[in-house]
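Protein chains: 2
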Amino acid sequence: MVSFEDVTTAYERIREAVIQTPVMTSLTANRLTNCSIFFKCENFQRIGAFKFRGAYNAISQLSSKERKRGVIAHSSGNHAQAVALAAKMIGIPSTIVMPKNSSPVKIVATKGYGANVVFCEPTVDGREKMVTALMEKHQSVLIHPYDDPRVIAGAGTAALELFNEVGALDSILAPVGGGGLISGTTIASKGFMPTTRVFAVEPEQANDAYKSFTTGKLVPSINPNTIADGLRTSLSERTFSIIRKGVEEIITVSEEEIIEAMQFLWERMKLVVEPSGAVPLAGLFNSKDTFTNQHVGLILSGGNVDLTQFFVHFQKQSLGTEF
Amino acid sequence: MVSFEDVTTAYERIREAVIQTPVMTSLTANRLTNCSIFFKCENFQRIGAFKFRGAYNAISQLSSKERKRGVIAHSSGNHAQAVALAAKMIGIPSTIVMPKNSSPVKIVATKGYGANVVFCEPTVDGREKMVTALMEKHQSVLIHPYDDPRVIAGAGTAALELFNEVGALDSILAPVGGGGLISGTTIASKGFMPTTRVFAVEPEQANDAYKSFTTGKLVPSINPNTIADGLRTSLSERTFSIIRKGVEEIITVSEEEIIEAMQFLWERMKLVVEPSGAVPLAGLFNSKDTFTNQHVGLILSGGNVDLTQFFVHFQKQSLGTEF
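Protein sequences, first through last, are from chains S and F.
Here the working numbering is used: the first residue of the first sequence is 1, the next is one more, and so on.
Here the working numbering is used: the first residue of the second sequence is 1, the next is one more, and so on.
This is chain S alone, in the form it adopts within the complex (with noise of 0.2 angstroms):
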């Protein structure tokens, strides 16, 4: 298991090599949910997103041995660029297994952070057999997204810092996909203030979690099919089993709801959020009444959406035209 000793022991690691990202507020977001929401910033974060904390806290700790092996993590998203940058910072060479129709952007940033970069076919047998295949050659070391302890520790540290700026909330919610960033929050929030209730928040058309945690039995996600993408992913008995423990419901969300929060995080709180960063909001919004008159935290998971579309529309919609 994780302790609270763990994700304060990881913040002592890695406090140097993370940025210590902002709590914001918004007057309006209280206004229309009648709480006091603290925001944590983590679209602010080292390659855009919480998922640094938990590569860097795991791959900092690695032996000399195992440093001179490299090494590997398969991730089409954040935690890619989050892998190749710790490993980067730490010295030691990284391989990313991406799926071959990985989008050009993150493929780009991945490699810009020093990464090799291996192509594998876009299902989760043709991954395996390219990570095992790799391990075998290289011995390199596998970085989990979310199932590993150094990486819950390290996801942790973001609620420990939200804490240690704010201090007591009545409640803190944060997105739940594979429960890496969610069950992190959980062992700070308890840690630090027993009495905090966590609420962890999942896109209806992904509620692995939602029915594990309902049914008491592990139920995986099946070709889930939302756009908040870092949550397509499904609990491990690692993270469900913190989950089950620490987490006081499990709020499931629309899609529609996703985008009506994340719009209101792009226009009234002027912050770049991806779908699945807007998750937590969408489900204070649509759960009101369990927060009233609340100090609510939330983790604002990530920024990272590709805008090559937009500003390609809105270059061409305003260069040579009239205003």
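Because the hints were derived from the structure by calculation, they are not lab data.
Just so it is clear, the structure is predicted and the values come from calculations on it, not from any experiment.
There may be inaccurate statements among the hints.
[Unchecked claim] Here are the simulated DSS-like pairs of lysine-lysine, each with C-alpha atoms no more than 27 angstroms apart in a straight line:
#, chain 1, residue 1, chain 2, residue 2
1, F, Lys-316, S, Lys-316
2, S, Lys-68, S, Lys-88
3, S, Lys-217, S, Lys-245
4, S, Lys-100, F, Lys-316
5, F, Lys-106, F, Lys-129
6, F, Lys-129, F, Lys-68
7, S, Lys-129, S, Lys-100
8, S, Lys-137, S, Lys-65
9, F, Lys-316, S, Lys-106
10, F, Lys-111, F, Lys-100
11, S, Lys-316, F, Lys-100
12, S, Lys-137, S, Lys-88
13, F, Lys-217, F, Lys-245
14, S, Lys-129, S, Lys-106
15, S, Lys-316, F, Lys-68
Got chain S; can you put chain F on it based on the hints?
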């Protein structure tokens, strides 16, 4: 004229009302420019732009007689919302004259702050007639968007806060439209640190300040065609005189450069910044040699962009499709 003391006094007057906006940094921006940039994020200011500072500073100094008569302003943009909110907070009535073709989002926002919105023909003549008629009828006090010492001093408090937070700067950059922000920035900078060099940045397609500065003669802006909608106004004699005296250079940037800088701010820094607000960074990217190895302050003046279409498109693209 406006003195440094006017800016420090303005700051004492408005500090409880304004948001002490955060200063952000970006390792990537620093690496790309070979300097150390401190972004003053006025996109996080009330109403989403620095304009609130000047409006509040002006309105809070009105006599009780003037307060009873209320204030009037003409604007289709950020100044409209700034005057509406400042008047509401101070508890006096406001009338905002907006062109009848103003964006619905801005009309709703201005009304939302409690202003009486009156529409006029979308011409200078139509606007002036309407403002004159209303002022005669109600004896209301005009709050000019920039040609007012109180508005200029208020605008200068953004730079003052930046200096208070980060200390000495080699250079500071701000956009120039009517010249209120750059004038306030110049006075704050020269007062805090006489050796700091002040740069105004302006769209090539609205380069009245550049022409005025280089010819020494006030040249008005005629039908400027730039995406940076906050910078289409012309200098006044007052702002021109401050600029001539204190500004080092006026850097002009193309429309493409503005959009490129905006895209950097959104994608890499996760900040929603409007085109006018991205103009100084475009200037910095465009004139790197001028700033090499310097500590540079940069005012991100605002973040009000109408994203309605973007989110309609985003929603259409996302819902009901396979991911």
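Looking back at the numbered hints, which does the structure fail to meet, lowest number first? 15
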